[in-house]
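One line per chain: the protein sequences are P and A, in this order.
1 is the number of the first residue of the first sequence in the working numbering; add one for each residue after it.
114 is the number of the first residue of the second sequence in the working numbering; add one for each residue after it.
Hint data in this document are derived by calculation from the structure and do not stem from the laboratory.
Check the hints yourself; a few may be wrong.
The list that follows gives simulated cross-link-like pairs (lysine-lysine, DSSO-like), each with its CA atoms no further than 27 Å apart [said to hold, decoys possible]:
| hint | chain 1 | residue 1 | chain 2 | residue 2 |
| --- | --- | --- | --- | --- |
| 1 | P | 100 | P | 54 |
| 2 | A | 178 | A | 133 |
| 3 | A | 178 | A | 120 |
| 4 | P | 100 | A | 176 |
| 5 | P | 56 | P | 68 |
| 6 | P | 56 | P | 100 |
| 7 | A | 120 | P | 100 |
| 8 | A | 120 | A | 176 |
| 9 | P | 100 | P | 68 |
| 10 | A | 133 | A | 176 |
| 11 | P | 100 | A | 178 |
| 12 | P | 100 | A | 133 |
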Amino acid sequence: GDSVTQTEGQVALSEEDFLTIHCNYSASGYPALFWYVQYPGEGPQFLFRASRDKEKGSSRGFEATYDKGTTSFHLRKASVQESDSAVYYCALGANSAGNKLTFGIGTRVLVRP
Amino acid sequence: SVLLYQKPNRDICQSGTSLKIQCVADSQVVSMFWYQQFQEQSLMLMATANEGSEATYESGFTKDKFPISRPNLTFSTLTVNNARPGDSSIYFCSSRLGDTLYFGAGTRLSVL
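Please put together the full structure from these sequences, using the hints given.
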């Protein structure tokens with residue numbers, strides 16, 4: 001079945017560091033890919049999505065590019081802030097509408113001031 | 114976007130009891146979804162609920178254990194029957210607008 005793999009369970013950084021969270025997927029066709037962020041005590045918040053090869057999604061300084069060749073959708077941010085400390089989830093939509101999402105295990109990002 | 118309000122935000126119950134979680138959307142939505150999240154783990158889709166029809170459950174979740182009602186386009190309830198300590202987790206309702214899913218703040222359930 002469809003699956004999403006996030007290789008980093010936790011990432012610790014200092015402010016202004018560059019952040020990369022790796023996300024690889026396994027699915028047939030062109031699934032929609034998403035990034036969500038979850039702050040403590042809250043539900044996941046939609047960051048952005050992409051649904052075709054080479055499409056770039058971005059929001060709040062975060063970005064990721066859909067790469068069908070490497071089946072990846074890595075999240076990047078050039079300069080993190082303490083307020084970016086949260087759990088980030090890569091997710092895959094069962095179809096282009098993404099009404100059924102398969103989530104990765106999540107990556108906890110801790111940004112030290 | 115769509116805003117989803119869940120009630121209660123936290124509950125503690127005894128084993129063997131049942132409890133109900135409510136979810137209200139600020140606009141009409143076709144489908145509502147319920148997710149379960151154990152501490153420090155990812156989200157697992159439990160079921161999909163459309164107005165006026167039986168909910169569709171994912172593998173590992175049953176109607177008897179987690180009955181869901183969807184009486185109109187803005188409201189859904191999830192019931193946890195015969196609660197057990199293994200049901201202790203956070204339950205999220207979710208809804209789709211366009212091709213994006215939005216989530217409520219979650220209900221943290223602790224079963225003693």
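Comparing the hints with the structure gives:
{"no.": "1", "hint": "P:100 with P:54", "in the structure": "holds (23 Å)"}
{"no.": "2", "hint": "A:178 with A:133", "in the structure": "holds (12 Å)"}
{"no.": "3", "hint": "A:178 with A:120", "in the structure": "holds (19 Å)"}
{"no.": "4", "hint": "P:100 with A:176", "in the structure": "holds (19 Å)"}
{"no.": "5", "hint": "P:56 with P:68", "in the structure": "holds (12 Å)"}
{"no.": "6", "hint": "P:56 with P:100", "in the structure": "holds (21 Å)"}
{"no.": "7", "hint": "A:120 with P:100", "in the structure": "holds (23 Å)"}
{"no.": "8", "hint": "A:120 with A:176", "in the structure": "holds (21 Å)"}
{"no.": "9", "hint": "P:100 with P:68", "in the structure": "holds (20 Å)"}
{"no.": "10", "hint": "A:133 with A:176", "in the structure": "holds (14 Å)"}
{"no.": "11", "hint": "P:100 with A:178", "in the structure": "holds (21 Å)"}
{"no.": "12", "hint": "P:100 with A:133", "in the structure": "holds (24 Å)"}
Hint violations for this structure: none, all hints satisfied.
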